[in-house]
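Sequence lines, in order, name chains C and Y. Going by my numbering, the first residue of the first sequence is number 2, and it counts up by one from there. Going by my numbering, the first residue of the second sequence is number 2, and it counts up by one from there.
What the hints contain is simulated information worked out from the structure, not anything from laboratory work. Idealized CB from N, CA, C, for every residue including glycine. Careful: at least some of the hints might be erroneous.
[As the list claims (entries may be wrong)] Here are a few chain C residues that sit away from chain Y, every Cβ distance over 10 Å (derived from the structure):
no., residue
1, THR108
2, GLU178
3, GLY203
[What the hints assert, rightly or not] Covered by chain Y, per the in silico footprint, the following chain C stretches (three or more residues, Cβ under 8 Å):
no., stretch
4, 18-27
5, 139-151
Number of protein chains: 2
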Amino acid sequence: MGEFDLIARYFTRPVRPGGAALLGVGDDCALLAPQPGMQLAISSDMLVEGRHFFADVNPEALGHKALAVNLSDLAACGAQPLAFTLALALPRIDQPWLASFAHGLLTLADAHGCQLIGGDTTQGPLNLCITVFGQVPAGQALLRSGARAGDDLWVSGHLGDAALALRALQGQLALPEHILAQARQRLERPTPRVALGLALRGIASSAMDVSDGLLGDLAHLLQASAVGAVVDADIATTLIAASHGQTPGNDIFDTNPRHPDAQELLRRCALAGGDDYELLFTAAPARRQAVASAAQAGATTVTRIGQIQAQPGLRLVDGQGQPLARDYAGFDHFKAWEPVHALRTTAGSA
Amino acid sequence: MGEFDLIARYFTRPVRPGGAALLGVGDDCALLAPQPGMQLAISSDMLVEGRHFFADVNPEALGHKALAVNLSDLAACGAQPLAFTLALALPRIDQPWLASFAHGLLTLADAHGCQLIGGDTTQGPLNLCITVFGQVPAGQALLRSGARAGDDLWVSGHLGDAALALRALQGQLALPEHILAQARQRLERPTPRVALGLALRGIASSAMDVSDGLLGDLAHLLQASAVGAVVDADIATTLIAASHGQTPGNDIFDTNPRHPDAQELLRRCALAGGDDYELLFTAAPARRQAVASAAQAGATTVTRIGQIQAQPGLRLVDGQGQPLARDYAGFDHFKAWEPVHALRTTAGSA
Numbered sequence: 002m003g004e005f006d007l008i009a010r011y012f013t014r015p016v017r018p019g020g021a022a023l024l025g026v027g028d029d030c031a032l033l034a035p036q037p038g039m040q041l042a043i044s045s046d047m048l049v050e051g052r053h054f055f056a057d058v059n060p061e062a063l064g065h066k067a068l069a070v071n072l073s074d075l076a077a078c079g080a081q082p083l084a085f086t087l088a089l090a091l092p093r094i095d096q097p098w099l100a101s102f103a104h105g106l107l108t109l110a111d112a113h114g115c116q117l118i119g120g121d122t123t124q125g126p127l128n129l130c131i132t133v134f135g136q137v138p139a140g141q142a143l144l145r146s147g148a149r150a151g152d153d154l155w156v157s158g159h160l161g162d163a164a165l166a167l168r169a170l171q172g173q174l175a176l177p178e179h180i181l182a183q184a185r186q187r188l189e190r191p192t193p194r195v196a197l198g199l200a201l202r203g204i205a206s207s208a209m210d211v212s213d214g215l216l217g218d219l220a221h222l223l224q225a226s227a228v229g230a231v232v233d234a235d236i237a238t239t240l241i242a243a244s245h246g247q248t249p250g251n252d253i254f255d256t257n258p259r260h261p262d263a264q265e266l267l268r269r270c271a272l273a274g275g276d277d278y279e280l281l282f283t284a285a286p287a288r289r290q291a292v293a294s295a296a297q298a299g300a301t302t303v304t305r306i307g308q309i310q311a312q313p314g315l316r317l318v319d320g321q322g323q324p325l326a327r328d329y330a331g332f333d334h335f336k337a338w339e340p341v342h343a344l345r346t347t348a349g350s351a
Numbered sequence: 002m003g004e005f006d007l008i009a010r011y012f013t014r015p016v017r018p019g020g021a022a023l024l025g026v027g028d029d030c031a032l033l034a035p036q037p038g039m040q041l042a043i044s045s046d047m048l049v050e051g052r053h054f055f056a057d058v059n060p061e062a063l064g065h066k067a068l069a070v071n072l073s074d075l076a077a078c079g080a081q082p083l084a085f086t087l088a089l090a091l092p093r094i095d096q097p098w099l100a101s102f103a104h105g106l107l108t109l110a111d112a113h114g115c116q117l118i119g120g121d122t123t124q125g126p127l128n129l130c131i132t133v134f135g136q137v138p139a140g141q142a143l144l145r146s147g148a149r150a151g152d153d154l155w156v157s158g159h160l161g162d163a164a165l166a167l168r169a170l171q172g173q174l175a176l177p178e179h180i181l182a183q184a185r186q187r188l189e190r191p192t193p194r195v196a197l198g199l200a201l202r203g204i205a206s207s208a209m210d211v212s213d214g215l216l217g218d219l220a221h222l223l224q225a226s227a228v229g230a231v232v233d234a235d236i237a238t239t240l241i242a243a244s245h246g247q248t249p250g251n252d253i254f255d256t257n258p259r260h261p262d263a264q265e266l267l268r269r270c271a272l273a274g275g276d277d278y279e280l281l282f283t284a285a286p287a288r289r290q291a292v293a294s295a296a297q298a299g300a301t302t303v304t305r306i307g308q309i310q311a312q313p314g315l316r317l318v319d320g321q322g323q324p325l326a327r328d329y330a331g332f333d334h335f336k337a338w339e340p341v342h343a344l345r346t347t348a349g350s351a
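Using the sequences and the hints, build the whole thing.
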């Protein structure tokens, strides 16, 4: 099977009449027309084997995640998904793998009315690059730079489960099977908060998505807005779904001899774990009711984890308001230099 | 140096006021606003080490080429370049390499007023994915599907030099140094025919860019237009710049003991060599003067190499109109399966 057959078989779909995409896969360019008065929001993410996923990843889940992480960026801007391109380097043509990957990818795309309009395929070490396009009314995009002193600091959904699952899959800790299954779902099939992002237009003063870890990402928002923040680490840590909202250190970890300090592990996962794909946003305290309504429209929970302050810097406190000194750096693709390639994905293997 | 420093140092530039890009590198999404009445043309290309370039490629040339191949797709649609995103997987952070790569990339970008508005960087086997955005007045994009029986078949500039240089660098043939230097320029620093593409709006009935070899690409245009064509192989072969327009088999090859059949080699390079990044287009015979003017506006030559016919299929003839039976398949990234990784880039090494 050649390159052209591959595109035709797995990735070509008719352009939907009346949509923003006017010309899809098969010409030199795709053509896209946002509605009048709309700006185009664009984001690009590259996923590399051994870095963002394991070689034996479920291809259907990989297809889902590759698009989900891009849709999460559109959500963070309050943009409505329109279309995407896919560039794919494959070491070989494995038809069952491709069929499964395409199924995961296009099922999520269809759920968001986001059309695959073009791309590229080539031979090479497995690499997926998706560029996604959304539209947002001129001037209404949610940016990182709008946070103001006194604003509430919010985060959607859950934090830390993906990081917890990754550590379990890496053999760093053992989790009960049903807990691992739930956390793994968050790692492999993140839910982009598109509807919440749309609902937060005109309500949130700033927004971004949490992909590299809460505190590391928050630092970028604070820098872009030239403000500081105080964050309640205990509240953030209760957002780990696998901990059932209990105080850190609950029984799922107590029995684990590898983790003398379960509380610290959970806190690290929640504050700096990465791969959450939740929305981190700010809004004036007067908009709390509006934020609650937006959360309902977005079919997700939102939690107030702190407050924006004029003084630059990020201050971490516990539930009693006591300062926490620990440094929880976010994930940086060039600092976190561990040899992921060598890692096994079987839960519990060391 | 972490991921964020890398982006800041090499790839962040202020957004140009008054341009289509409203928000560049640094937020979750970039924002782009095509002018009213314009459609957005989008193309994405992925370049992989060992497949599209050698490990010891000049990074400045690589930066140029990575964008050039994408601009060539915009040219083929008659679109005006606006902006692009860059996703980059790097095995390690090599600052001199990155500085040189960024210089080659951004110099070409500046020459076309095409702004880098976003992207991604990660660790992994070297891989570059660029997605480029251009604008074209609604309904005026040049497509592959508009060729009609009786149309002239044209190609811009030169053909085959990149393929010739690649074979020389692979040690398959020896070229005089000044000839190799000239051909290598075409391989490593292709010139996207953006101005020609813009000038051909309303003149060409169909267009595409020649990236995978003339005949293989032409087959896609013929299929999209449901027509056939006759192509004069001898005229096409004279488009090899390194042959100085002479009859194939000229003296630069006569002295080469590795090439008993220099004419056949040149013909293969011109007809199926790939990496040309020229425009292949059709226009009614009544538009020959307009095509000549467009070529002048595009600062390139154009050559009539054949004619579109109603009968499907591609018929190759020589200068005397005699049918040529040889099959010149285009380059297919999954069919051309030679182990490029193992190849040396020193000219003349076997």
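Hint by hint, here is what the structure shows:
no., hint, verdict
1, THR108, "holds, 22 Å"
2, GLU178, "holds, 32 Å"
3, GLY203, "holds, 17 Å"
4, 18-27, "holds (count 3)"
5, 139-151, "holds (count 5)"
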